[in-house]
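Participant: From first to last, the protein sequence lines are chains A and B. Mapping the first sequence onto this note's numbering, position 28 (from 1) lands on 28, and the numbers just tick up by one. Converting from the second sequence to this note's numbering requires adding 1000 to each position, the first position being numbered 1.
Nothing false has been slipped in among the hints.
Derived DEER-like restraints, expressed as beta-carbon distance ranges:
{"#": "1", "chain 1": "A", "residue 1": "22", "chain 2": "B", "residue 2": "1148", "range": "34 to 40 Å"}
{"#": "2", "chain 1": "A", "residue 1": "22", "chain 2": "B", "residue 2": "1163", "range": "44 to 50 Å"}
{"#": "3", "chain 1": "B", "residue 1": "1068", "chain 2": "A", "residue 2": "22", "range": "19 to 25 Å"}
{"#": "4", "chain 1": "B", "residue 1": "1105", "chain 2": "A", "residue 2": "22", "range": "33 to 39 Å"}
{"#": "5", "chain 1": "B", "residue 1": "1204", "chain 2": "A", "residue 2": "22", "range": "17 to 23 Å"}
{"#": "6", "chain 1": "B", "residue 1": "1102", "chain 2": "A", "residue 2": "22", "range": "29 to 35 Å"}
{"#": "7", "chain 1": "A", "residue 1": "22", "chain 2": "B", "residue 2": "1226", "range": "19 to 25 Å"}
{"#": "8", "chain 1": "B", "residue 1": "1164", "chain 2": "A", "residue 2": "22", "range": "43 to 49 Å"}
{"#": "9", "chain 1": "B", "residue 1": "1126", "chain 2": "A", "residue 2": "22", "range": "22 to 28 Å"}
{"#": "10", "chain 1": "A", "residue 1": "22", "chain 2": "B", "residue 2": "1202", "range": "18 to 24 Å"}
{"#": "11", "chain 1": "A", "residue 1": "22", "chain 2": "B", "residue 2": "1196", "range": "20 to 26 Å"}
{"#": "12", "chain 1": "A", "residue 1": "22", "chain 2": "B", "residue 2": "1161", "range": "48 to 54 Å"}
If you're looking for bench data, these hints aren't it; they were derived computationally from the structure. It should be emphasised that the depicted structure is a prediction, and the values quoted were computed from it without experimental measurement. Think of the CB as a built atom: it goes at the ideal place given N, C-alpha and C, for glycine as much as any other residue.
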Amino acid sequence: MSSGELGAGARLARSGGPAPAQLADVLERVLDKGIVVAGDIQINLLDIELLTVKLRLLIASADKAREMGIDWWQGDPFLSRSAQRDGDGRLEQRLRRLESAAGLPVDEKEER
Amino acid sequence: MIAASAATVLYVYGIVGADAADDVEREVASAALGQTPRLLRAGSLAALVSEVPLAEFGADVLPERLNDRDWLEERVQAHEDVLEAALARTTVIPFRFGAIYHGNGDVARMLGERRRELEEALERVRGRVELGVKAYVDRQLLEERLRSASREASSEGAGAGRAYLLGRQAERRVVAEADEACAAAIAEAHERLSAIAVDARVNRPQPRELSGRPEQMLLNGAYLVERGDSRIESEVESLRTAYRGLGIAFELTGPWPPYNFVDDEEAAA
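Let the hints inform the model, and build the full structure from the sequences given.
Facilitator: Written out as structure tokens, the structure is:
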């Protein structure tokens, strides 16, 4: 992800003025919830590529994004804590081995 | 062919019961941005509609417009404002952004064809509104609280290497405990709020770019309640008190039109 895309997303959240959280909630509901009408509508918005990938990713569910073939955020440490953890995995394993060799008390919570 | 600049199409915001239509029409007239919304009645239902310019909502120009964030935000906010004005008077079935029809006849036909489904949705949410409850965690504060709790129990007099490893182990425990505290907090909060609500949904937590807050969002819940029911508000207040010390904050929004509770597919899922 380029920082430019992130910046655009941040602008989306901020440009509502004093209540950015409120705008985010409005966008989430109006674009992603409510009754979806198809049929004799002149333009069915939902069938066309209506938003940028970044905007869709912010609003659509992770599953929806995955259906669209977007999965890069899983490796983006800013968006995914699990990705962050994986990065520390090897160090954690080494520490575990060292702790075990040093005869330190077993961490019950993690052994469970 | 009519000049594109003058041509209009009909934008549908949502549906109300025809019985409340006159009240609603007066209410939304003052909330409108641009073209005054009006009600198009068909049987027991009435659609809240506005004429919008074909030059903005035509199939050939719309995709481009949607990528103009200022334009989109303004339209989305207008959609919400109109529905909120209607919500002040009656039960509302919100449509998702962008239901566009050629003219009155097409909207009337849609209302006729989907009458049963829309009437059922109206019954499901009659007299009810949606409240949003979000929980955020100040992860640094939470971990600091857990760290200071475990520091008291840490060993003294160990060698430097051993002390380092013990420290690392304690730190890992703090992270795991913080994860557990967050999971427990949202489970308890959602359970308590769902017990009060008529219906409940959990949405994906918003990422920071969307929420605009530095803390991590843990819970993004929607709760359907009888209009005027203040029990969710009291419960949120009680959750705030209970979790303030752990750096977990709760935010209540609404009342909203029941966006999360009108879609059949979602209700069945």
